[in-house]
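Asker: Given these sequences and hints, build the entire structure.
Protein chains in written order, with this note's numbering: chain P, 1 to 275; chain E, 1 to 357; chain G, 1 to 304.
In case anyone wonders, no lab produced these hints; they're calculated from the structure. Just so you know, these numbers come straight off a predicted model, no measurement behind them. Some clues are possibly wrong.
[What the hints assert, rightly or not] Here are some chain G residues pointing at chain E (derived, C-beta under 10 Å):
no. : residue
1   : 14
2   : 17
3   : 19
4   : 20
5   : 21
6   : 23
7   : 24
[Unchecked claim] One side of the interface only, derived from the structure: several residues of chain E facing chain P at Cβ under 10 Å:
no. : residue
8   : 52
9   : 74
10  : 87
11  : 90
12  : 91
13  : 100
14  : 101
15  : 104
16  : 105
17  : 130
18  : 134
19  : 148
20  : 151
21  : 271
[To be verified] Taking lysine-lysine pairs in the DSBU-like style, the calculated list, with each CA pair at most 35 Å apart, reads:
no. : chain 1 : residue 1 : chain 2 : residue 2
22  : E       : 172       : P       : 263
23  : E       : 132       : G       : 196
24  : E       : 72        : P       : 104
25  : G       : 25        : E       : 63
26  : P       : 271       : G       : 114
27  : E       : 109       : E       : 130
28  : G       : 25        : P       : 104
29  : P       : 102       : G       : 25
30  : G       : 114       : E       : 141
31  : P       : 97        : E       : 324
32  : P       : 271       : E       : 172
33  : E       : 106       : P       : 97
34  : P       : 271       : E       : 169
35  : P       : 271       : E       : 132
36  : G       : 253       : P       : 263
37  : G       : 114       : P       : 263
38  : G       : 253       : P       : 45
39  : E       : 72        : G       : 25
40  : P       : 263       : E       : 130
All C-beta atoms in this analysis are idealised placements derived from N, C-alpha and C, irrespective of residue type, glycine included.
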Amino acid sequence: MAALSKTQRRKRRLGIVGDVYAILIYTVLYIPVAVMMVFSFNDQKYNFYWNGFTTEWYGKLLENDALIGSLWYSLIIAVLATVISVVIGTLGALGLKRYEFKGKRFINSMLYVPIIVPEIVLAVALLIIFMNIGLSLGLGSILVGHCTFCIPYAVVTIKGRISGDGYELEEASMDLGANRIQTFLRVTLPSMVPGIMSAAFLSFTLSIDDVVMSNMLSGARNSTLPVLILSMNRTGVTPDVNALTTIMILVIVAAMLLSNGVKALLRRREKAAAR
Amino acid sequence: MAESIVSLINVEKRFGSNLVVRKMNMEIQEGEFLTLLGPSGCGKTTTLRMIAGFEDATSGIIKVQGERVESKEPYQRDVNTVFQNYSLFPHMTVFDNVAYGLTIKKVPKDEIQRRVTEMLALVQLAGFEKRKPDALSGGQKQRVAIARALINNPKVLLLDEPLGALDLKLRKQMQIELKRLQKKLGITFVYVTHDQEEALTMSDRIAVMNGGVIEQLDVPMEIYDHPKTRFVAGFIGESNIFDGTVKAVEGDLLRVETPSGMLTTRGKGFQVGEEMHVSVRPEHLEYGLAPAEGFDLPAILKDFTYMGTVVKTALDLRDGMEVKFSRFEQDYGLREGDQLFLRWDPEKSVAIKKSAT
Amino acid sequence: MSRQRLKNGASELQAINRRRDIHRKTIPALAQAGPVSVWMVLFVTIPMLYIIYVSFMSRGVFGDVVYEFSLESYQTLLDSTYFKVIVKSLQVALFTTVACLLLGYPFAYYIARKPPEVASRLIMLIMIPFWTNSLMRLNSWLLLFQTSGPVNTFLQWAGITSEPITFIYTDPLVMLGLVTNMLPFAVLPLYSTIEKLQNSLLEASSDLGANPRQTFFRITLPLTFPGIFSAVILVFIPSLGIYTVSDMLGGGKVLYIGNIIKNQFGAIRNWPLGAALSVLLLVITGLLIFVYTRFAKLEDMEVV
Numbered sequence: 001m002a003a004l005s006k007t008q009r010r011k012r013r014l015g016i017v018g019d020v021y022a023i024l025i026y027t028v029l030y031i032p033v034a035v036m037m038v039f040s041f042n043d044q045k046y047n048f049y050w051n052g053f054t055t056e057w058y059g060k061l062l063e064n065d066a067l068i069g070s071l072w073y074s075l076i077i078a079v080l081a082t083v084i085s086v087v088i089g090t091l092g093a094l095g096l097k098r099y100e101f102k103g104k105r106f107i108n109s110m111l112y113v114p115i116i117v118p119e120i121v122l123a124v125a126l127l128i129i130f131m132n133i134g135l136s137l138g139l140g141s142i143l144v145g146h147c148t149f150c151i152p153y154a155v156v157t158i159k160g161r162i163s164g165d166g167y168e169l170e171e172a173s174m175d176l177g178a179n180r181i182q183t184f185l186r187v188t189l190p191s192m193v194p195g196i197m198s199a200a201f202l203s204f205t206l207s208i209d210d211v212v213m214s215n216m217l218s219g220a221r222n223s224t225l226p227v228l229i230l231s232m233n234r235t236g237v238t239p240d241v242n243a244l245t246t247i248m249i250l251v252i253v254a255a256m257l258l259s260n261g262v263k264a265l266l267r268r269r270e271k272a273a274a275r
Numbered sequence: 001m002a003e004s005i006v007s008l009i010n011v012e013k014r015f016g017s018n019l020v021v022r023k024m025n026m027e028i029q030e031g032e033f034l035t036l037l038g039p040s041g042c043g044k045t046t047t048l049r050m051i052a053g054f055e056d057a058t059s060g061i062i063k064v065q066g067e068r069v070e071s072k073e074p075y076q077r078d079v080n081t082v083f084q085n086y087s088l089f090p091h092m093t094v095f096d097n098v099a100y101g102l103t104i105k106k107v108p109k110d111e112i113q114r115r116v117t118e119m120l121a122l123v124q125l126a127g128f129e130k131r132k133p134d135a136l137s138g139g140q141k142q143r144v145a146i147a148r149a150l151i152n153n154p155k156v157l158l159l160d161e162p163l164g165a166l167d168l169k170l171r172k173q174m175q176i177e178l179k180r181l182q183k184k185l186g187i188t189f190v191y192v193t194h195d196q197e198e199a200l201t202m203s204d205r206i207a208v209m210n211g212g213v214i215e216q217l218d219v220p221m222e223i224y225d226h227p228k229t230r231f232v233a234g235f236i237g238e239s240n241i242f243d244g245t246v247k248a249v250e251g252d253l254l255r256v257e258t259p260s261g262m263l264t265t266r267g268k269g270f271q272v273g274e275e276m277h278v279s280v281r282p283e284h285l286e287y288g289l290a291p292a293e294g295f296d297l298p299a300i301l302k303d304f305t306y307m308g309t310v311v312k313t314a315l316d317l318r319d320g321m322e323v324k325f326s327r328f329e330q331d332y333g334l335r336e337g338d339q340l341f342l343r344w345d346p347e348k349s350v351a352i353k354k355s356a357t
Numbered sequence: 001m002s003r004q005r006l007k008n009g010a011s012e013l014q015a016i017n018r019r020r021d022i023h024r025k026t027i028p029a030l031a032q033a034g035p036v037s038v039w040m041v042l043f044v045t046i047p048m049l050y051i052i053y054v055s056f057m058s059r060g061v062f063g064d065v066v067y068e069f070s071l072e073s074y075q076t077l078l079d080s081t082y083f084k085v086i087v088k089s090l091q092v093a094l095f096t097t098v099a100c101l102l103l104g105y106p107f108a109y110y111i112a113r114k115p116p117e118v119a120s121r122l123i124m125l126i127m128i129p130f131w132t133n134s135l136m137r138l139n140s141w142l143l144l145f146q147t148s149g150p151v152n153t154f155l156q157w158a159g160i161t162s163e164p165i166t167f168i169y170t171d172p173l174v175m176l177g178l179v180t181n182m183l184p185f186a187v188l189p190l191y192s193t194i195e196k197l198q199n200s201l202l203e204a205s206s207d208l209g210a211n212p213r214q215t216f217f218r219i220t221l222p223l224t225f226p227g228i229f230s231a232v233i234l235v236f237i238p239s240l241g242i243y244t245v246s247d248m249l250g251g252g253k254v255l256y257i258g259n260i261i262k263n264q265f266g267a268i269r270n271w272p273l274g275a276a277l278s279v280l281l282l283v284i285t286g287l288l289i290f291v292y293t294r295f296a297k298l299e300d301m302e303v304v
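Answerer: Have a look at this one:
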């Protein structure tokens with residue numbers, strides 16, 4: 001084999017340095033996840049030190065009413081927030097993309113407020129308003145809070161995926177005899193599905209992981225899972241919480257892989273059909 | 001005279017303060033291939049979109065098959081469009097795209113199957129049913145777009161620069177195919193393009209548009225040989241246009257004075273003192289070493305461009321006007337910078353009235 | 001007579017056009033842009049204006065808001081205790097931002113130079129940890145660094161220290177938490193600008209005689225500046241307001257602006273002060289965004 005030139009050797013060395021660096025960064029990103037999973041098997045009531053392996057927390061999980069209750073609460077809020085945000089976000093993305101109206105620029109910049117301004121500011125601002133109009137805190141107030149930051153993300157995500165100026169496909173559809181409603185259902189909506197899906201995923205993950213909004217806007221009675229974890233912090237988070245969050249991330253990743261797998265399969269089928 | 005299938009009567013379109021189409025009147029005959037030709041911004045696409053129903057006319061009447069359609073939605077009109085950028089539905093297969101119009105009309109499944117298969121065979125895309133638009137070439141997308149429109153048996157097919165995105169070779173091929181298809185099906189085609197060659201080769205009639213106005217509506221040969229306005233003369237093919245004033249009328253012959261010198265052309269209905277234009281095609285220009293009778297157009301030879309068998313030549317006239325010239329007889333042994341005198345057969349030049357605008 | 005009819009025809013057409021405009025544009029525009037506009041005005045514009053209003057009110061004896069104009073809250077901010085917290089928060093946010101940029105840029109560059117399929121997998125690999133509950137990820141650092149945790153055990157076993165070191169509830173651990181939490185928000189915008197950078201530009205630069213270092217500073221860095229600024233905004237502003245990291249890893253001993261604001265609406269109950277601190281965060285955010293919009297469009301910021 002021919003000897004490598006000096007530049008080739010330098011490039012190769014740089015490549016190795018890059019690989020090592022990337023692995024290091026990934027390690028740092030994954031350490032917390034790994035530790036969380038490992039300590040879900042810790043045979044101890046509180047996670048102060050490692051005391052041997054057990055799987056009992058996965059079983060005892062269901063007995064922890066507060067934990068399961070907060071999980072349900074979080075899930076209900078996340079699902080509702082996702083549905084509301086995706087519906088309003090889909091319509092909003094279309095409306096803001098296509099129509100010119102007074103105040104459109106204003107609404108567009110308002111959308112960036114929840115995305116950029118620290119969440120605590122929006123949370124206390126909403127809290128003051130709710131207190132002043134005498135709204136009792138609870139599921140409703142948390143839901144409004146979550147939607148307020150999920151909607152902008154949904155609008156931005158979906159708007160970015162609307163192809164072209166947005167009208168051509170609709171014109172083609174109407175030209176071929178479909179009225180406005182048929183056109184919306186058969187052409188507009190289906191062509192937006194990828195954007196809607198990622199908006200839904202994003203809204204759900206934002207909502208289910210949210211601490212600040214939920215913490216500021218929840219009433220005394222129920223708390224979401226993250227709020228519960230935050231309150232456990234003083235006494236130490238128990239291993240059954242580790243078990244629960246381990247199951248949750250595994251479910252999310254599995255769902256993600258599944259949907260990617262299905263997408264890849266469909267694409268392959270299409271290619272096969274094309275051949 | 002055949003029944004006109006589309007009529008535009010005094011149609012105007014205004015976008016804000018911008019008058020895009022002015023007082024347009026046009027009768028489109030059943031079964032003809034009519035082209036709206038003009039530079040970008042001349043209002044041709046807007047005219048097409050008003051017929052399709054995507055734009056409302058600001059004023060005027062549009063009739064399809066004798067029926068007024070201004071208050072009809074695009075989906076209520078018996079016309080279909082082939083869009084410039086194809087506008088195929090990305091989430092549907094070729095089959096579903098073509099079947100779309102029939103599906104909306106709730107045509108029975110087996111009939112859809114049969115008609116789509118037929119239509120795809122007609123545009124030579126049999127076997128592509130299950131592909132998505134992403135997996136098609138530009139030419140194939142174009143065929144799908146045409147099939148998708150034609151399957152609805154429209155009274156009129158509107159085509160908005162359908163070949164604009166294709167490369168030259170494919171465009172030529174598709175021009176022939178489109179023309180063949182139109183003859184075979186006998187459907188009226190209203191075709192929008194800015195490509196004059198395309199217009200001349202495909203159309204039964206051409207409407208040359210400029211600034212929202214139809215400058216001339218006629219068969220291709222008339223448009224080419226007898227342009228009615230200065231714009232048409234300049235837009236269709238290469239042309240040398242002289243602006244001048246009639247000095248004398250001698251039967252059919254006009255003596256015209258221009259800044260470049262005296263010239264002679266054939267023309268009827270002109271009066272002495274009238275301002276007008278004279279258009280001469282490069283292939284009709286002749287020259288000699290001395291002024292010919294009725295001409296006084298000295299010119300300086302500027303440069304040659306050899307293009308295969310044709311030699312293109314540019315000549316500078318007295319007033320600095322540049323004329324194009326496509327024949328050059330070598331025997332004079334002329335070089336750049338030499339002086340010569342232009343002339344032509346007055347029968348071959350066109351006298352054009354000065355337009356009101 | 002006929003002119004009159006023509007005139008009638010014209011106004012009739014105008015009426016048709018107007019009616020159709022309502023059907024085609026007004027109704028769909030209202031139905032589509034309406035809900036989002038109403039939501040944004042009700043739950044963003046009004047609360048934001050109201051919090052600014054409250055920040056200029058005074059605090060009652062029982063922690064209630066007394067609606068009388070006062071600059072008291074803003075004066076309190078200048079008190080040494082609060083002022084120190086503000087300065088420290090700014091320092092920590094700045095540190096986090098710089099650390100994320102320095103760590104994130106080479107990482108984003110590394111990913112962007114990979115073939116597209118590999119790059120998208122690598123990006124996915126960054127996202128996955130962030131679908132894990134964020135508090136539990138922070139809790140993991142606590143578990144690792146606690147007095148009897150693995151890190152101290154290892155340090156003692158290796159003989160580096162005889163007594164366990166107190167890592168938890170200290171600023172450095174909070175900063176570690178912040179940096180690891182914020183890193184993706186720097187990497188993603190950086191990645192997308194570096195990825196758009198055309199290889200031919202780098203080749204042209206080296207063809208014109210620039211060495212790799214010169215190419216980096218003269219071509220790569222200036223062209224990826226929008227991504228860098230997006231990263232600054234997406235890391236600095238949240239770091240400034242976040243309180244969960246300092247709550248989890250600081251154990252109530254490490255206080256930043258976010259914690260102070262939260263406390264004003266909890267036990268301490270001083271809404272005008274909390275509002276004034278929020279307004280401070282708004283002003284800092286506004287300034288940064290103002291600078292950003294001088295040379296880039298807000299819409300182009302990669303926020304997702």
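Asker: Can residue 105 of chain E be said to touch chain P, with a Cβ gap under 10 Å?
Answerer: 6 Å, holds
Asker: Take the C-alpha atoms of residue 97 of chain P and residue 324 of chain E, compute the straight-line distance between them, and say whether it is at most 35 Å.
Answerer: 49 Å, violated
Asker: Tell me if the straight-line CA distance from residue 271 of chain P to residue 114 of chain G falls inside 35 Å.
Answerer: 25 Å, holds
Asker: Can the hint on residue 17 of chain G be confirmed by a CB-to-CB distance to chain E that is less than 10 Å?
Answerer: Hint holds; residue 17 of chain G Cβ to chain E Cβ min 5 Å, cut 10 Å.
Asker: Taking the closest Cβ pair, is residue 91 of chain E under 10 Å from chain P?
Answerer: 5 Å, holds
Asker: Double-check residue 21 of chain G for me: the hint is only fine if its C-beta lies closer than 10 Å to a C-beta in chain E.
Answerer: Holds: closest Cβ of chain E sits about 8 Å from residue 21 of chain G, inside 10 Å.
Asker: Taking 10 Å as the limit, does the beta-carbon of residue 271 of chain E come near enough to a beta-carbon in chain P?
Answerer: 50 Å, violated
Asker: Are the Cα positions of residue 114 of chain G and residue 141 of chain E separated by 35 Å at most?
Answerer: Since the Cα atoms of residue 114 of chain G and residue 141 of chain E sit roughly 32 Å apart, the hinted pair holds (cutoff 35 Å).
Asker: Double-check residue 74 of chain E for me: the hint is only fine if its C-beta lies closer than 10 Å to a C-beta in chain P.
Answerer: 4 Å, holds
Asker: Would you check whether residue 130 of chain E satisfies its interface hint, that is, whether its CB is within less than 10 Å of any CB in chain P?
Answerer: Holds, because the Cβ-Cβ distance from residue 130 of chain E to chain P comes to roughly 4 Å (cut-off 10 Å).
Asker: Against chain E, with CB atoms and a cut of 10 Å, does the hint on residue 23 of chain G hold up?
Answerer: 9 Å, holds
Asker: When you check the alpha-carbon spacing of residue 25 of chain G and residue 104 of chain P, does it fall within 35 Å?
Answerer: 15 Å, holds
Taken one by one, the earlier hints fail for this structure at numbers 21, 22, 31, 36, listed in ascending order.
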